[in-house]
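Build out the structure end to end from the sequences listed, making use of the hints.
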Amino acid sequence: MNDLALSLGWLGLYAPMALGAIGSMIGCSLAGQAAIGAMLETESGHGKYLGVSVMPSSQLIYGIVVMFTLNREITEATAPGVFGIGLLAGLALMASAIFQGKACASAINASKAKPDIFGLSLAPSAIVEGFAVFAFIFALVISAGIPGS
Amino acid sequence: MAVAEPYTMLLASLPHLPAPGSVKQLPISRLQLKNRLKWLTPEDQRRLHAMDIALHWAHLSVDLSDAQMLQRAQGALEQIGSAFLYPIVLERLEMRTFAAALRRRRRNQPPRPDEPWGVGRFVRQIETHFHEPAFGLGHLYPWIAQAHQHLQDNEPMALENLLIMESWKQLNRVDDRHGFGFDAVALYTLRWEILHRFIHRDTEKALTHFDTLVSHALEASPVSLEALT
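Same order as they appear, the protein sequences are chains A and B. Under UniProt numbering, the first residue of the first sequence is numbered 1, with each subsequent residue one higher. Under UniProt numbering, the first residue of the second sequence is numbered 1, with each subsequent residue one higher.
It is worth saying that the hints were derived from the structure and are not from the lab. Computed from a predicted structure; not experimentally measured. Check before you lean on any hint, since a few could be wrong.
Among chain B residues calculated to face chain A with C-beta under 8 Å, some are [said to hold, decoys possible]:
| id | residue |
| --- | --- |
| 1 | Glu-5 |
| 2 | Thr-8 |
| 3 | Leu-10 |
| 4 | Leu-11 |
| 5 | Ala-12 |
| 6 | Ser-13 |
| 7 | Pro-15 |
| 8 | His-16 |
| 9 | Leu-55 |
| 10 | Phe-180 |
Backbone N, C-alpha and C define an ideal beta-carbon position, used for all residues, glycine too.
Set out below in structure tokens:
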């Protein structure tokens, strides 16, 4: 039982970084494919398409910060808290990166046809980013309650 | 968590298709579109081909009977393999069934009970309400009465425009342009075909007529085409 609790503690410690990275990979890949497709079709504005396509990379950075904040000695007392916060923060970051990637791909596709809506088309991606920031901030706040910080 | 967006790059590389009537030139040529569609998997290319067989009949021989045409379309319809696309293609075939029924009524040639002549959910309804202007379906399809009027007034171009615009509206209603899967690619090709038909409707008609005249002339001539070349 002790070993299982410690293992879960370590899993929770690494989860925000690993899940954030998985989400960012998928999100950037989706948005990046849309950016490449748009570059084939358009003669200008390539830089802004590429810029939008890297938006889902922020979740990995949030995941790294959460991981370092949770980093402490993993004991029977700290493992449950680290596991719970780390895993849930990681899942939230992964989901937000994937769906932000989809929103960015749609924004690139739509603004290619109608360049004047470029700014507005990014609003859904920004809102998804906002939810990732919530998950990130409150993971930091809650982690202060785990002993050993 | 669904992350399958296999055709993100393909769809992003295709230009926006404006509504028929707003442009005089296609934003992407048939050759360019064909080249882009090579990015589809072999299975999806086969599904797209099935959709093509179900919907595009212009190149078929005039010797094919109605029953053969219907069998061909029904067979292809079953192979599309998409619960999203099936009703869209079926509705397009039903639109042709309505157009065929309107033409039959103009010729005073109601379908015989045992005769295969149409596709879809309304074949029996049309047969039982054959002499009503919109076959008793005016509340569902207001355009049928309009099409009937164009036929009565001998306005084939207005009828063709009406059918094209109705097909376009039908696709707008189910538009899935923010998805990046096969359904979105198939919808794009359907819209492209409609736009192509609208832009080239006069030219194609003239070319078809010319080809028919040439074939008839060659058939009637004692000199074969091989002998001339």
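Hint check:
This hint holds: B/Glu-5 has a C-beta 6 Å from the nearest C-beta of chain A, less than the 8 Å allowed. Hint status for B/Thr-8: holds, given a least beta-carbon distance of 4 Å to chain A, under 8 Å. The criterion of a C-beta within 8 Å of any C-beta in chain A is met by B/Leu-10, whose closest approach is roughly 6 Å, and the hint holds. For B/Leu-11, the interface hint holds, since its Cβ comes within 8 Å of a Cβ in chain A; the closest pair sits about 6 Å apart.
Below 8 Å, beta-carbon pairs count as interface contacts, and B/Ala-12 has one with chain A at about 3 Å; its hint therefore holds. Annotation: B/Ser-13 was flagged as interfacial toward chain A, and the flag holds, the nearest CB pair being 4 Å apart, inside 8 Å. Evaluation of the B/Pro-15 hint against chain A yields a held restraint, the C-beta minimum of about 6 Å falling below 8 Å. Given the 8 Å rule on beta carbons, the hint for B/His-16 holds: about 3 Å separates it from the nearest Cβ of chain A.
At its closest, the beta carbon of B/Leu-55 sits 25 Å from a beta carbon of chain A; the interface hint therefore is violated under the 8 Å criterion. At a threshold of 8 Å, the smallest CB-CB gap from B/Phe-180 to chain A is about 6 Å, leaving the interface hint in force.
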